[in-house]
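Number of protein chains: 2
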Amino acid sequence: MSLLVVGTVAFDAIETPFGKTDKIVGGAASYIALAASYFNRDIHLVSVIGDDFPADFLNTLKKEGVNLDGLQIKAGEKSFFWSGKYHNDLNTRDTLDTQLNVLANFDPIVPEGAKECEFLMLGNLVPAVQQSVINQMNKRPKLIVLDTMNFWMDIAMDDLKKTIAMVDVLTINDSEARQLSGEYSLVKAAQKILQMGPTTLIIKKGEHGALLFNKEEVFFAPALPLEDVYDPTGAGDSFAGGFIGYLAKTKDISFENMKRAIIFGSAMASFTVERFGTERLIGLTQENVEKRVQEFVDLVQFDIAVF
Amino acid sequence: MSLLVVGTVAFDAIETPFGKTDKIVGGAASYIALAASYFNRDIHLVSVIGDDFPADFLNTLKKEGVNLDGLQIKAGEKSFFWSGKYHNDLNTRDTLDTQLNVLANFDPIVPEGAKECEFLMLGNLVPAVQQSVINQMNKRPKLIVLDTMNFWMDIAMDDLKKTIAMVDVLTINDSEARQLSGEYSLVKAAQKILQMGPTTLIIKKGEHGALLFNKEEVFFAPALPLEDVYDPTGAGDSFAGGFIGYLAKTKDISFENMKRAIIFGSAMASFTVERFGTERLIGLTQENVEKRVQEFVDLVQFDIAVF
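If you're matching them up, the sequences are chains C and B in order. Counting from 1, position 102 in the first sequence corresponds to residue 101 in numbering that gives the first Met the number 0; the numbering is continuous, with no gaps. Counting from 1, position 76 in the second sequence corresponds to residue 75 in numbering that gives the first Met the number 0; the numbering is continuous, with no gaps.
Please keep in mind that the hints were generated in silico from the structure rather than gathered at the bench. Given the structure is predicted, the values throughout are model-derived calculations rather than measurements. It cannot be assumed that every hint is accurate.
[What the hints assert, rightly or not] With a straight-line Cα cutoff of 20 Å, these simulated SDA-like cross-link-like pairs (lysine to any residue) come out:
(1) C:K258 <-> B:S253
(2) C:K160 <-> C:Q194
(3) C:K258 <-> B:E294
Working from the sequences, and respecting the hints, build out all of it.
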């Protein structure tokens, strides 16, 4: 089924204990679209860039089945740029530079061909911009997934809560779940957040995996223990892209199928962190992905018949 | 099969965000023995207490199948005492007071009846004391599990490494695995530690679950997301007790069976943290435990047949 992805397409400059990049392609929507494209080739992108963006990457997106009609290219302007340095634990980072550029006045326009999409993935952006996209759809999508972050909780909580009330699935990390709910226990936090509108909540815990909640059930997907994590940037977006890409492919939004989707999302994130930027997500083969998913199965599979 | 448990039987005074206790019964061996006794009633305890210890608790241990012939009771001396205060996240704590008392000169004596035990659980203690117990056994046990902590890495690393080289399974937490190996990646840390002697390594990650490694395989057991954690004290020891208790009961030390054992260990830990001290471990029914283990199965079980 068709999938609309909204979010940033941007430049990053990243420093980790393993190395340093110059300006490379990043942005939430880049990771989401590439991860989803492994599962689904009917993807529309809504975003904005300057005229400084490499045609190569746009061609890669097109080749992977991503329709760029909704990608605004602003002549004479620069693309969004973020620069950050990760600490040794790779779980925390300092932002070194943020240049909003084209993002400062981003007014998303959903092209006619994308207004009927059945799946909508709202990558991290100003909550009002995310809302505007929902309002432009011709009919309510079958599933809306929203990703956001603590930054919007700090400066635009009211707007954010309105947007959260409009979606089906919210994905945030553990500290954001605590901030949004005011509860330290993630179980209690989930119960409170599920009162705010979404029927499903995903709490991302980075190297500690992810929790999937609805009002009655909970599922835990581990992260794969990796020898080396080169660059965590985009892990959460790749996770979201794999999650919604798998759901859009299988057209099944039951909790049981979301469990599978979250494993595929985790697999996509595990690829992303093995290289800088989006590199590892491009050209993944079925064998790559099946082998990786089998590692997740082996990691948590046990047989408790001997009781 | 028979199990020998070595470790502290002591007093704790604990403060958590949920409350505060006066002096209550604690100690690694208390938690280990109680958790193991759910599975196995052929348990010997080697430890030391003063004459200030409540007979009630000793009777409880006996009732649960724990033989106390190896428990030294020092007349006119006081039992080991620890007092600590947990921070709001319950993952970190400050030690408020430590009184070694009887532990200062503890010379463990394994009674004749315990020298043939096939399973040996060495709870956290001075590494030289742990070694002394191994050396007193008539024959090498089928399985020796060692628990230790960063404190011994700081002040007795050489002794600790000698002890580690003598055991089959080492259980430590993630930061201790990093300290012992000098590697940040837990996968690399595990590989290095498995060169030090043990065939199996368990890395405990508290609320984030536990990893089980041998040289070829890895298994991840989640922690159960709980609404309230009242008191994390003894969680790691209950985990170890459940783990070795299940192995001693089933007499199977294969990696496959260790996966089951780690789930039962995690279940025991999940009970312990629901109350202060050892309270919740006493009198667990089969129904309690089976229901809890089923929650672990439900938490991580997924069916990836739809590929």
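Margin query: Need the status of pair C:K258, B:E294: alpha-carbon distance at most 20 Å?
Written below: 16 Å, holds
Does the alpha-carbon distance linking C:K160 and C:Q194 stay inside the 20 Å limit? 11 Å, holds
(request) Take the C-alpha atoms of C:K258 and B:S253, compute the straight-line distance between them, and say whether it is at most 20 Å. (result) Between C:K258 and B:S253 the Cα gap is close to 29 Å, so the pair fails against 20 Å, i.e. violated.
Figure legend: structure checked against the earlier numbered hints; the only hint not met is number 1.
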